[in-house]
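Student: The chain contents come next:
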Amino acid sequence: ETGVTQTPRHLVMGMTNKKSLKCEQHLGHNAMYWYKQSAKKPLELMFVYNFKEQTENNSVPSRFSPECPNSSHLFLHLHTLQPEDSALYLCASSQVSWDYGYTFGSGTRLTVV
Amino acid sequence: AQTVTQSQPEMSVQEAETVTLSCTYDTSESDYYLFWYKQPPSRQMILVIRQEAYKQQNATENRFSVNFQKAAKSFSLKISDSQLGDAAMYFCAYRSPINSGNTPLVFGKGTRLSVIA
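Listed in order, the protein sequences are those of chains P and B.
Sequential numbering from 1 applies to the first sequence in the numbering used here.
Sequential numbering from 1 applies to the second sequence in the numbering used here.
Among the hints, a few may not be true.
What the hints assert, rightly or not - Calculated cross-link-like contacts (lysine-lysine; reagent style DSBU-like; alpha-carbon spacing at most 30 Å):
1. P:K36 x P:K19
2. P:K36 x B:K109
3. P:K52 x B:K73
4. P:K22 x B:K73
5. B:K73 x P:K40
6. P:K52 x P:K22
7. B:K73 x P:K41
Derived by calculation from the structure, the hints in this document are not laboratory data.
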């Protein structure tokens, strides 16, 4: 366990469902990120939060809605997803003033049926 | 925008041998950071090694070392004395300096490394 915890590990949802992914870090970091990892594609940055403020939304469809209530928690709310949204969703955190890379969670494997 | 290219989708190495994974990147910045991450089947991305572009010396972490060629924009990872636990996906990543804001990591597509016993 690296200090970034993601739940659930696996999620299967129908296209009309609403679900949420959760990410929690206890490292004292002040930036958090959502990445999407699909087969044979580079990791795609979705959202960036610095000090709880969203600073980047990388042209992500509105069916993905992030929430960052505090610097330790990050959510990704999902609704009316498409089968092509099936992927591994990775959360990461970092300290803005340092440059020692990110600490990642183990991801949520999402399957949309 | 910066891009990172890993031209080897898959590589294999015999246990105890040495393997080199390639990475090239494109940037107009002179100061930046480069990383290699490992993603084993457990899915957790683990930082392997980090290089600061303004440092001439190649970074080393135990059996892992890099060959950083700034002019060629090349950043290869060498794994010596390969072990079965080294089998994983390896991602090269680029990051702009902190003084340009909290710019996110840009990743390559990854190289899947198999270790043969």
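Student: Next step is simple, just say for each hint if it's right about the structure.
Tutor: Status of each hint after checking the structure:
| no. | hint | in the structure |
| --- | --- | --- |
| 1 | P:K36 x P:K19 | holds, 16 Å |
| 2 | P:K36 x B:K109 | holds, 12 Å |
| 3 | P:K52 x B:K73 | violated, 34 Å |
| 4 | P:K22 x B:K73 | violated, 37 Å |
| 5 | B:K73 x P:K40 | holds, 23 Å |
| 6 | P:K52 x P:K22 | holds, 15 Å |
| 7 | B:K73 x P:K41 | holds, 22 Å |
In this structure, the earlier hints numbered 3, 4 are contradicted, and the remaining ones agree with it.
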